[in-house]
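Quick note, the sequences are listed as chains A and B, same order.
Residues in the first sequence are numbered from 1 upward in steps of one, following my numbering.
Residues in the second sequence are numbered from 1 upward in steps of one, following my numbering.
Calculated from the structure, these hints are not laboratory results.
Since the model is a prediction, treat every value here as computed from it, not as a measurement.
Built from N, CA and C at the ideal position, the CB exists for glycine as well.
Heads up, some of the hints might be wrong.
[Claimed, not checked] DEER-style ranges, computed between Cβ atoms:
| id | chain 1 | residue 1 | chain 2 | residue 2 | range |
| --- | --- | --- | --- | --- | --- |
| 1 | A | G248 | B | D149 | 55 to 61 Å |
| 2 | B | G146 | A | L75 | 30 to 36 Å |
| 3 | A | D77 | B | D149 | 47 to 53 Å |
[What the hints assert, rightly or not] To give an idea of the chain B side of the interface with chain A (calculated C-beta under 7 Å), a few residues:
| id | residue |
| --- | --- |
| 4 | L42 |
| 5 | T135 |
| 6 | M169 |
| 7 | S274 |
| 8 | L308 |
| 9 | I317 |
[To be verified] If you only want the chain B side, here are some residues facing chain A, beta carbon under 10 Å, derived:
| id | residue |
| --- | --- |
| 10 | W86 |
| 11 | L89 |
| 12 | I134 |
| 13 | L150 |
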Amino acid sequence: MTNLIATLDPASRAASRGWSDTTIRNVFVIPTVLFLIVFNVFPLLYSLGFSFTDFRASSKAPIHFVGFKNYIDTLADPVIWRTFSTTLWYVIVSVAGQFVVGFGLALLLNRPLPFKGLLTTLLMLPMMLSPVVVGLFWKLIYDPSWGILNYALGLGKMAWLTDAKLALYAVAITDIWMWSPFVMLLSLAGLSAVPKHLYEAASIDRAGKFYTFFRITLPLVAPILLIAVIFRTMEAFKTFDIAFVMTGQPAAELISSRLYKMAFQQWQTGPSSALAYIILIMVLCITNIYVKYLNKAKER
Amino acid sequence: MAVVSTRAGRLGSRIAVAAVILITLIFLSPIYWITSTAFKPLVQATSIPPSVVFEPQITPFVKLFTKRAQLTGPVDPAVYAAAPWWEKLVLDGGERLARDGNGDVVFSAYPDRFVNSLIISITSTLLAVSLGTITAYGFSRFRVKGEADLLFFILSTRMLPPIVVAIPMFLMYRAVGLNDTHIGLIILYTAFNVSFAVWLMKGFIDEIPKEYEEAALVDGYTRMQAFFKVVLPEAATGIAATAVFCFITAWNEYAFALILTNRRAQTAPPFIPSQVGTGLQDWTVIAAGTVLFLLPVAIFTFLLRNHLLRGMSFGAIRK
Numbered sequence: 001m002t003n004l005i006a007t008l009d010p011a012s013r014a015a016s017r018g019w020s021d022t023t024i025r026n027v028f029v030i031p032t033v034l035f036l037i038v039f040n041v042f043p044l045l046y047s048l049g050f051s052f053t054d055f056r057a058s059s060k061a062p063i064h065f066v067g068f069k070n071y072i073d074t075l076a077d078p079v080i081w082r083t084f085s086t087t088l089w090y091v092i093v094s095v096a097g098q099f100v101v102g103f104g105l106a107l108l109l110n111r112p113l114p115f116k117g118l119l120t121t122l123l124m125l126p127m128m129l130s131p132v133v134v135g136l137f138w139k140l141i142y143d144p145s146w147g148i149l150n151y152a153l154g155l156g157k158m159a160w161l162t163d164a165k166l167a168l169y170a171v172a173i174t175d176i177w178m179w180s181p182f183v184m185l186l187s188l189a190g191l192s193a194v195p196k197h198l199y200e201a202a203s204i205d206r207a208g209k210f211y212t213f214f215r216i217t218l219p220l221v222a223p224i225l226l227i228a229v230i231f232r233t234m235e236a237f238k239t240f241d242i243a244f245v246m247t248g249q250p251a252a253e254l255i256s257s258r259l260y261k262m263a264f265q266q267w268q269t270g271p272s273s274a275l276a277y278i279i280l281i282m283v284l285c286i287t288n289i290y291v292k293y294l295n296k297a298k299e300r
Numbered sequence: 001m002a003v004v005s006t007r008a009g010r011l012g013s014r015i016a017v018a019a020v021i022l023i024t025l026i027f028l029s030p031i032y033w034i035t036s037t038a039f040k041p042l043v044q045a046t047s048i049p050p051s052v053v054f055e056p057q058i059t060p061f062v063k064l065f066t067k068r069a070q071l072t073g074p075v076d077p078a079v080y081a082a083a084p085w086w087e088k089l090v091l092d093g094g095e096r097l098a099r100d101g102n103g104d105v106v107f108s109a110y111p112d113r114f115v116n117s118l119i120i121s122i123t124s125t126l127l128a129v130s131l132g133t134i135t136a137y138g139f140s141r142f143r144v145k146g147e148a149d150l151l152f153f154i155l156s157t158r159m160l161p162p163i164v165v166a167i168p169m170f171l172m173y174r175a176v177g178l179n180d181t182h183i184g185l186i187i188l189y190t191a192f193n194v195s196f197a198v199w200l201m202k203g204f205i206d207e208i209p210k211e212y213e214e215a216a217l218v219d220g221y222t223r224m225q226a227f228f229k230v231v232l233p234e235a236a237t238g239i240a241a242t243a244v245f246c247f248i249t250a251w252n253e254y255a256f257a258l259i260l261t262n263r264r265a266q267t268a269p270p271f272i273p274s275q276v277g278t279g280l281q282d283w284t285v286i287a288a289g290t291v292l293f294l295l296p297v298a299i300f301t302f303l304l305r306n307h308l309l310r311g312m313s314f315g316a317i318r319k
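The shape of chain A in the complex, shown without the other chains:
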């Protein structure tokens, strides 16, 4: 009887030879989880400890426990508040720009077009490139005296990257150039998934273009657009490479650049660990708010 069951159930029969399923599962899953704990969770616990000390990685001075001083100092520092508000404004400008350009492009592309595949692939090239190298060659484009942008737009000697008012927008424009294709890619997927019969029904009912767009297209594409916005908001909040390489203008300093300078140029290891934790908590909060919103959108 047991023999018969074993023959009928391939899994248990296989289990009698070679590794059992449980062994395979453990061998396949546990190393990766351990690897991530050792190289991500453990380092973060390590720096949590430092965030309560006056440790400086550049000196051998004895380390003192300072309690919440680093957190209090960080939250009281006007420079950090400025970089936080700069970052917030950067996220808003950059993600809104990507949303408008990306979704607009998707609406244009959502129809039979000659060479559609080639055009879409070419449009997606910017987001695959290295952000730091992109920042570098946009510096060439933005150059006030011989850059192509000022020449092409007839703007004279506009100092895009050194002007306190312009620098942040110049970085945002580059980021929009790079990541609008990402919003476009996801929007196109959403648009192509809208059932055709809904448009046919709307057209039979003689519904106007605006009505069709706001009552059929937009609600059905909204969940996927939200996914695009979540990803881009997270990434824009973390922006380091592009901004760091493009401009040293203090008015355009983002929180990641501030953290980098505190940790690796001023060697304030303790305070920078505290700031890192504040950033980490903020990233988690943004994710939570958006995920909740996303779930609501899905239920509809």
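Fit chain B to the given chain A structure using the hints.
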């Protein structure tokens, strides 16, 4: 949107086509500009007004790979005549190639950094994809306790801001002597990519019918044999797509490389911008270095074109 058959509809469609082509050209123009700069004569790279028409030359690429010095006087005609064609290009530009004691050309740091990028990206990709594939199989085929939480944990490690992780990593690596080593970066890039590989591969493996393996088990395969001989070949496309994504991420990474390497193991991303601030700002050489560095990614993007959506959404959205 709706079925267009009216004259106005056809006109609208033509305008859309023209708009799409125009926008694509605008989007590609920065890439065209950096590429053309890499083939420009030095004086034309930063000329006012910017030169659109020029005679393309490969001098910037010769300069990219060599160490040079400014010529102080006219070139000895005998030396010029004996020089190979690529050295003539540099001499024509008013510079001479630096040579070592044996008279051999001294290479610049660029080839070293490029090779570092290759070694670190390829090794970390192989590790991340191997680990990611088996872990994805584990999650896809077996019951794992707290599966949803574990998968969320795995993805969340990818969302951490790099600098936040780099602060403790720098101290830990310094303590164990892994700063500025290939292994140090390989480990970090593997950790960064493995979460992505698990999510993407899980989607691909979920799509392979379980019946294939069960048939193999009935035929007398062990579970491991079924995994290697049935599942892996079926998942080949997914594995390739995942590998290309991991490679591009590692290839493009900047923050960790900037903080954790400075010479021996430095990759191209922190190296290329560091050239801007030093000595003579030769934008044609920087452009040449940039173009050479971006080329593999451009090629991979074309190979990946049908998997971009899936990769970019961590496997969440499939077509």
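To see whether the hints hold, each was checked on the structure:
1. A:G248 - B:D149: 55 to 61 Å: 42 Å, violated
2. B:G146 - A:L75: 30 to 36 Å: 35 Å, holds
3. A:D77 - B:D149: 47 to 53 Å: Violated: the Cβ-Cβ distance is about 36 Å, outside 47 to 53 Å.
4. L42: 13 Å, violated
5. T135: OK, holds: T135 (chain B) within 7 Å of chain A, min 4 Å.
6. M169: 5 Å, holds
7. S274: 10 Å, violated
8. L308: 6 Å, holds
9. I317: Holds, because the Cβ-Cβ distance from I317 (chain B) to chain A comes to roughly 6 Å (cut-off 7 Å).
10. W86: Where the cut-off is 10 Å and the nearest Cβ of chain A is about 25 Å from W86 (chain B), the hint is violated.
11. L89: 22 Å, violated
12. I134: Holds: closest Cβ of chain A sits about 4 Å from I134 (chain B), inside 10 Å.
13. L150: Given a least distance of 7 Å, the restraint on L150 (chain B) holds.
In the structure shown, a violation is registered for the earlier hints numbered 1, 3, 4, 7, 10 and 11, in ascending order.
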